[in-house]
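J.: The chain contents come next:
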Amino acid sequence: MCGIVGLFLKNKELEPDLGRLTALMLREMRDRGPDSAGFAVYGDEAEGTKITLLSKTNETDWDGLAKGLSKATGEAVDVKTVGNHALFTTPAEGLGARRWIIDNAPDVTVLAAGKSIELYKGIGDPDAVIEDYALAKRTGTHAIGHTRMATESAITTAGSHPFSTGEDTCLVHNGSLSNHNRLRENLRRHGESFQTENDTEVAAGYLSWRVREGDTLNEALERGLEDLDGFYTFAIGVRNGFAVLRDPIACKPAVIAENDDWVAMSSEFRAIAQLPDARNANIWEPEPSTIYAWSHN
Amino acid sequence: MGANTHFDLEEVTVRQANQALQEAEAGSFSIANPKGAHALACGLDAPLEVTIDGHVGYYCAGMNKEADVRVDGNAGTGLAENMMSGRVHVTGNASQSAAATAHGGLLVIDGDASARCGISLKGADIVVKGNVGHMSAFMAQTGTLVVLGNAGDALGDSIYEARLYVRGEVASLGADCIEKDMGPEHHEQLRKLLDAAGCEGVETSEFRRYGSARKLYNFNVDNVDAY
Chain A
1 MCGIVGLFLK NKELEPDLGR LTALMLREMR DRGPDSAGFA VYGDEAEGTK
51 ITLLSKTNET DWDGLAKGLS KATGEAVDVK TVGNHALFTT PAEGLGARRW
101 IIDNAPDVTV LAAGKSIELY KGIGDPDAVI EDYALAKRTG THAIGHTRMA
151 TESAITTAGS HPFSTGEDTC LVHNGSLSNH NRLRENLRRH GESFQTENDT
201 EVAAGYLSWR VREGDTLNEA LERGLEDLDG FYTFAIGVRN GFAVLRDPIA
251 CKPAVIAEND DWVAMSSEFR AIAQLPDARN ANIWEPEPST IYAWSHN
Chain B
1001 MGANTHFDLE EVTVRQANQA LQEAEAGSFS IANPKGAHAL ACGLDAPLEV
1051 TIDGHVGYYC AGMNKEADVR VDGNAGTGLA ENMMSGRVHV TGNASQSAAA
1101 TAHGGLLVID GDASARCGIS LKGADIVVKG NVGHMSAFMA QTGTLVVLGN
1151 AGDALGDSIY EARLYVRGEV ASLGADCIEK DMGPEHHEQL RKLLDAAGCE
1201 GVETSEFRRY GSARKLYNFN VDNVDAY
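As you go down the protein sequences, you meet chains A and B in turn. Under the working numbering, the letters of the first sequence match residues 1 to 297, in that order. Under the working numbering, the letters of the second sequence match residues 1001 to 1227, in that order.
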């Protein structure tokens, strides 16, 4: 099953409330995905790069890792820890730093890297994940969240959504991809690096690869309709934008609502019903094979 | 239960409201604050009048018998699924599989219905004032689907004897679904449904009729070698 939510604020005055509203939405999707949960928040922009990291062992020496990264890049690394996650902030270039950590810290999963994105995930009750990583207190412009009922890979923290492989890009998925193994191998040949066996990570990697090749997000998604085989409703976040895409059969649910203050999407309306004045928003079901996208200029 | 019983879903649970509705033999009821809740006003079995003020979730008014259920808002997946009789009216849009397998009664959707509207229809009438999505009336056996707007891809795929009337464009017809002539009996049937759904100023001459070519589900002697 799985539940997904996305909230993109148009009204700046709501930005202090982003986390609180996203938490209300995500809690409603708890029943759809009790195995694990996660969220990405696009908030305060860092001078350099923010890198969200997950310890696979809960015993990672974050300061030691930061020192290593600092030595490798020649740039300072600031460390903040939250549970088994750490947030590194560094003036170093994001994708290079991400790659260095993947290659040099086998006990760490790089959850996200970028100027604006922070990404947290955990197994077990979504309500606890929301609490543990203080979603309700977070501020920002847009957020994406997921509650997972695992099908394609094991219930692990690293296998929870959202998935992010490119800078400030992340993706949540309701459905399953059937050609992810082959696609993962192809993408590896194009230089993408993967940290799990999860099908959704492949979709995230696919979009990162296309954007790196010069596609706009819309072009990458258009091409994705050809190359990604399976069932999906995706919600996608980029640094200044948000998009929704459903496969041509569209059997995984999705509903979008929009008013002057916000755009929201979810697996079910009851998540959107938590938002201010949701009742009077323009509410519709996204068409199959159709890209819906919003961005801040 | 008398007239105008009110349930506020911020004060009672869906189960409490449904139980009261299912036990009632007559009367009118209103439900406030549905906020996308699932399975509201399901399994009703008496000539009740039920008004739901707001957007509902999945399977609203499922298995309805005799009751008249009105939703002032949008409806999620499986609206009026397996309806037997009565009437269900949604003032907004409906999600997938509206009136799936419905045997009788009338479903009116003022907005759009998405994919698979009237899938496996078994006798109910559906009037959609907006558009319907892809695979609508898939394997529809009997009953009627009237669409005032456009129909998505593969309309009436593998259809049996249901009648489809579409006023707008049909993106594509499904396997064994063809356009058919509009005879006097079809104009008459369509007029009755349009009137029942409150479609004023809409002429039956604006519609085209679609139905089964009857080549897929009938045995064809030319295929005897295949068996």
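Just so you know, not all the hints are guaranteed correct.
Unchecked claim - Quick list of the computed label-pair ranges, beta carbon to beta carbon:
| id | chain 1 | residue 1 | chain 2 | residue 2 | range |
| --- | --- | --- | --- | --- | --- |
| 1 | B | S1030 | A | G124 | 36 to 42 Å |
| 2 | A | E226 | B | S1030 | 48 to 54 Å |
| 3 | A | R189 | B | D1008 | 47 to 53 Å |
| 4 | B | T1013 | A | K10 | 33 to 39 Å |
| 5 | B | E1185 | A | D261 | 34 to 40 Å |
What the hints contain is simulated information worked out from the structure, not anything from laboratory work. By construction, the Cβ of each residue, glycine as well, lies at the ideal position given by its N, Cα and C atoms.
J.: Hint by hint, work out which the structure violates, then give me just those numbers in ascending order.
T.: 3 and 5
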